[in-house]
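Protein chains in written order, with the numbering used here: chain X, 3 to 371; chain C, 3 to 371; chain E, 73 to 362; chain F, 73 to 362.
Think of the hints as simulated: they come from the structure by calculation, not from any bench.
It is possible that some hints are incorrect.
[Said to hold, decoys possible] In silico SDA-like links for lysine to any residue, alpha-carbon gap of 20 angstroms or less:
hint, chain 1, residue 1, chain 2, residue 2
1, F, Lys-185, X, Asn-142
2, E, Lys-115, C, Ile-60
3, E, Lys-328, X, Glu-128
These figures come from a predicted structure and were not determined experimentally.
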Amino acid sequence: MKLYEYMGKELFTLYGIPVPAGGVVAVPEEAEVLAGKIGAVVVKSQVLSGKRGKSGGIGFADSPYQARELAAKMLGSRLSGLAVDKILVEKKLQIDRELYLALTIDGALRKPVLLSSAQGGMDIEEVPEELIIKIALDANIGLQPFIAREVTRRLGLSGAVARQVVDILLKMYRIFVERDAELLEINPLVVSGEQVIAADAKVTIDDDALYRQSGLPLVEERTATEKAAHEIGLSYVELDGDIAVMANGAGITMATLDLIEYYGGRAANFLDAGGGAGVEQTAKALELLLARKPKTIIINIFGGITRCDDVAAAFAYVKQNIGIPVPVVIRLVGTNEERGREILRENGIEAYQLMHEAAAKAVQIAREN
Amino acid sequence: MKLYEYMGKELFTLYGIPVPAGGVVAVPEEAEVLAGKIGAVVVKSQVLSGKRGKSGGIGFADSPYQARELAAKMLGSRLSGLAVDKILVEKKLQIDRELYLALTIDGALRKPVLLSSAQGGMDIEEVPEELIIKIALDANIGLQPFIAREVTRRLGLSGAVARQVVDILLKMYRIFVERDAELLEINPLVVSGEQVIAADAKVTIDDDALYRQSGLPLVEERTATEKAAHEIGLSYVELDGDIAVMANGAGITMATLDLIEYYGGRAANFLDAGGGAGVEQTAKALELLLARKPKTIIINIFGGITRCDDVAAAFAYVKQNIGIPVPVVIRLVGTNEERGREILRENGIEAYQLMHEAAAKAVQIAREN
Amino acid sequence: MAVYLFADTQVLVQGITGNQGSFHTRQMVNYGTKVVAGVSPGKGGQALEGIPVYDTVAAAAEHHLLDASILFTPAPFAKDAAFEAIDAGVKVLVMLPEHIPVHDALAVTAFAKVRGTVLVGPNTFGVVSSGKCKIGIMPSQFFVPGKVGVVSRSGTLCYEIVGTLKAAGFGTSTVVGLGGDRVVGLSFTDVLAEMEQDSETEAIVMVGEIGGSAEEEAALFIKERVTKPVIAYLAGKSAPPGKRMGHAGAIIERGKGSFAGKVKALNNAGVPVAELPFQVPELVAGSLRK
Amino acid sequence: MAVYLFADTQVLVQGITGNQGSFHTRQMVNYGTKVVAGVSPGKGGQALEGIPVYDTVAAAAEHHLLDASILFTPAPFAKDAAFEAIDAGVKVLVMLPEHIPVHDALAVTAFAKVRGTVLVGPNTFGVVSSGKCKIGIMPSQFFVPGKVGVVSRSGTLCYEIVGTLKAAGFGTSTVVGLGGDRVVGLSFTDVLAEMEQDSETEAIVMVGEIGGSAEEEAALFIKERVTKPVIAYLAGKSAPPGKRMGHAGAIIERGKGSFAGKVKALNNAGVPVAELPFQVPELVAGSLRK
């Protein structure tokens with residue numbers, strides 16, 4: 003779960019990481035009032051897109067009046083397809099240097115990693131690898147002061163600025179661990195005279211740990227269908243084709259999409275019904291797929307935890323109670339396969355044995371309809 | 003540094019470990035008021051001795067009047083030589099079971115250890131070893147819930163009581179680590195119906211970590227001389243003989259005491275001037291020794307970090323400015339030995355080369371005076 | 073010889089009394105796995121199919137040798153249960169649950185390393201020495217003894233591949249599910265190193281997917297250290313970049329972890345990549361013919 | 073051969089620019105120790121006696137091989153500095169400072185074990201391979217090459233014993249200060265095991281004291297595993313029980329760690345215990361004559 007910049011900065015403030023003076027507002031008048039107190043300000047639209055600067059989501063105002071005008075322009079607008087409901091109005095900083103700091107997790111190393119660069123302020127993906135300092139952290143000791151000192155040395159910092167960066171890094175690590183963050187990024191970390199200030203805050207909380215992070219605000223960035231799928235415990239991603247897909251397991255679902263593409267079709271979605279989805283869950287998943295009005299639906303089940311008869315029963319239930327107006331192609335193997343095939347036969351469907359044959363059929367149906 | 007029981011319980015309350023209702027008071031009338039609110043109470047004198055129960059430091063009162071009487075008797079009295087300034091007045095618990103829980107450090111294992119016993123309520127030193135459950139903790143993971151569960155299983159606990167003990171153990175470990183405790187002991191941990199309550203609290207904080215434990219109260223349990231020695235950075239223990247001893251290093255100081263005993267003398271103290279004591283520190287240490295009016299003083303220096311000339315200069319300074327009314331035996335070898343011997347010679351003393359000869363001489367002087 | 077598990081491996085089941093735990097314990101026992109004990113806090117003293125249940129792993133260890141353990145413990149308690157098994161000294165720990173917080177996975181991985189425990193998962197279907205010992209939730213009927221080692225990041229897709237292998241007459245030696253999460257105990261490289269040494273394994277099938285760099289690292293390792301034929305299948309060719317598909321595994325970021333990049337790295341190491349799952353058996357057959 | 077340190081051991085000094093650090097760096101260099109670099113945060117770029125000073129251990133490691141390190145860092149920062157050295161991969165870390173919080177000592181000990189670093193101390197005078205390499209603050213003149221290995225819990229008392237040995241014509245092979253704190257990296261047993269293997273060591277002197285159980289454990293180990301003669305001296309015979317004498321080492325509690333108990337255990341293992349320091353050399357001489 004990504005946090006809005008202003009939420010990230012509230013978290014920073016809680017842990018003592020300095021952020022620019024300012025606040026988040028939802029109406030232009032409040033922006034004016036804030037700018038009146040602060041002076042020259044930067045106005046930043048609060049959307050979960052990384053490219054706000056380039057797309058006009060960030061502006062500067064020297065007077066309260068300008069701040070209100072800017073706020074009025076931003077609020078209610080859309081940025082990278084996302085509605086701007088809130089803006090952050092902050093003191094415009096005198097920028098002497100811009101640094102980049104981040105904590106994230108390296109799956110290959112199985113360790114937290116600290117990333118830093120003296121080239122802050124630009125998109126880190128555009129910074130050449132050799133200018134990014136990457137230090138893997140030993141989970142047995144975490145981020146210790148010596149590592150933070152080494153980072154400041156390699157960033158070419160010294161004195162009071164180095165000490166503040168060490169302090170900020172240690173606090174970032176506390177947030178990272180205590181708040182179950184997957185990513186914590188400050189870009190840029192601004193050096194302004196002798197002061198070091200987090201001018202931006204990008205925080206992503208581990209979805210799997212939200213149950214124990216009750217203190218955090220909840221941010222929703224999924225589409226309605228994705229959200230509905232998540233609520234019934236499924237993993238769903240919207241795509242732009244016409245063949246709706248349901249399979250059990252991320253790998254086999256992707257393989258199904260690959261097969262559809264291989265035979266020339268286009269998938270409408272990725273829907274991983276996961277391990278052990280029961281009748282009700284599977285039925286709800288089917289309803290989700292129907293709601294997007296695909297030309298056909300392919301269900302690809304290799305039953306392990308998932309029972310073939312449950313899937314067939316779910317299909318029968320939806321067909322009988324809600325109706326399925328499009329052709330459905332089903333591939334069914336594994337646990338309780340025979341009973342599942344029987345149920346399907348009772349509902350007029352002969353299940354496939356091989357997934358590529360099912361995929362080819364689904365593509366054929368989509369092409370013909 | 004040992005904490006008084008009431009301080010330990012304040013710490014427990016801060017971390018959510020249940021303690022009996024009650025409070026600490028310094029005048030009998032407050033005891034009466036408290037007992038009026040609580041009902042039947044236990045009144046416990048707040049001294050740093052482990053044997054309060056046996057020596058009359060703990061009593062029960064069924065009425066506010068009795069509580070006042072008991073408080074009046076205790077306050078101002080002495081227990082194991084310690085003045086009773088404060089008493090703890092607490093609700094008398096219905097006791098169904100008494101358990102023992104402790105966290106401490108096992109030097110041989112280099113690990114924290116969790117001690118527990120179903121035989122709580124009595125002095126743990128009197129509990130047979132086989133009834134004490136000892137679990138060493140891996141510092142890489144600390145005290146995890148599974149270890150606490152295993153403890154409750156071995157204590158024969160189940161249900162709500164087991165769950166509360168698990169919770170208390172996890173909180174004890176947090177205190178242990180966050181407050182730099184060397185020892186954390188609850189004896190007894192009382193099971194009262196379905197409730198589990200810490201009826202006592204013994205907490206010892208690591209002296210070396212006090213600098214970072216500013217939130218803790220300071221408790222002084224040393225004699226005036228020990229305190230004065232500690233303030234100038236020396237390690238001092240009062241003994242009951244007549245030969246004052248100063249040496250540099252705990253081992254060599256103990257060896258000096260051993261030699262004095264070997265030759266039939268009795269040491270007045272243990273004073274480890276430590277590594278690298280300078281002129282001023284050494285002079286102050288000498289003054290401390292003089293203050294106790296020994297028959298003689300032996301100084302045993304094997305100079306490493308400690309410089310022999312510094313020790314000699316300190317001796318000269320004290321002799322010339324304050325006066326040394328008793329004979330002094332000095333043994334001096336190591337760093338800057340020659341210069342040290344010269345200074346001593348200028349002050350009328352010939353230093354010994356061998357420590358056992360110096361010790362023998364000191365014993366002889368003490369016997370003759 | 074086999075990898076990780078043997079016919080006489082003594083297995084503990086943590087969370088044995090739950091729905092999943094009890095169902096799959098029966099499946100494992102039916103497969104021939106020596107499940108010697110179960111753990112379920114508060115249920116000590118019970119039994120499941122004659123398997124004694126204990127309150128803690130330490131209690132189970134008082135009565136049994138525990139070579140390996142499998143966790144069915146719900147995600148919020150899985151870290152603690154994993155620590156418990158590792159602390160009790162199991163050599164192999166299969167951490168089945170999905171949705172384990174990634175910081176918990178980091179902690180468990182680090183502790184397993186300190187203690188020298190082989191950690192399989194989290195978010196894995198388990199590991200099986202075909203015909204000898206299965207620790208996991210994979211459907212038993214597909215895992216018949218043979219000479220192909222299989223190592224996979226995803227579950228069902230692995231069954232799919234193992235199913236096509238079986239249909240083509242290929243049994244499996246050892247099949248390992250690495251787990252679909254970002255942080256898991258074993259890597260392709262770890263398993264490849266074991267299978268290279270394993271006398272029962274003659275060819276190795278890697279089932280990978282887009283995202284991460286595990287396949288690229290494996291390719292490097294294969295080039296330098298693996299003499300046995302390796303065949304790969306990768307899922308996610310058609311996935312659009314930047315979308316997270318499924319739990320945590322499949323995502324392409326910064327141009328890394330792409331399908332094309334992985335295929336190139338593997339081909340470079342002499343590893344043919346099947347375009348479709350059903351092509352895997354013929355590639356295996358071809359590699360063994362050489 | 074020697075124990076822990078060799079003539080070519082490349083040594084780092086952490087806290088090299090402080091009073092103690094700079095003084096003892098000179099002493100070590102004069103003794104012949106190869107001090108190749110120093111660390112002092114904020115002082116990178118300076119030099120001491122021609123030894124380059126760096127801001128961090130990682131910076132020093134960019135330019136030097138670092139086999140061992142010695143810490144003169146003040147106690148509140150010692151844990152961090154110890155982690156830094158261990159993380160940089162030094163094989164031997166001498167942690168000199170006293171008054172290290174015991175929880176810090178626990179953390180450093182655990183991390184040293186994870187990384188396989190030999191941790192000497194905290195609260196130690198150091199370790200010396202006589203005539204080859206000294207890492208510590210012991211007065212150089214007493215540490216001349218010879219065939220007696222010495223291992224001690226206390227500092228000055230160890231110098232005293234080494235001094236009497238030297239006066240009696242015995243040089244030392246390796247001398248190790250375990251450290252006077254409750255939690256230290258090395259035990260008597262660890263060092264005895266090394267000295268038993270060491271071709272330069274013909275007899276071993278243990279300098280112990282009352283409190284703890286280190287001597288008793290050593291006695292058990294000697295009985296079973298040490299063939300070389302071992303002589304002991306123990307301080308604290310006259311100390312009253314329950315009093316803590318000095319920093320943390322010497323205290324008798326629960327009837328354990330008493331002088332009599334330690335003497336009995338050692339005698340049981342065939343280890344004679346000298347009653348007075350100056351008797352050690354004659355016991356050593358006697359043991360070597362056998």
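Do the hints match the structure? See the list:
1. F:Lys-185 to X:Asn-142: 11 angstroms, holds
2. E:Lys-115 to C:Ile-60: Violated, at about 42 angstroms.
3. E:Lys-328 to X:Glu-128: 14 angstroms, holds
Checked against the numbered hints above, the structure breaks only hint 2 and satisfies the rest.
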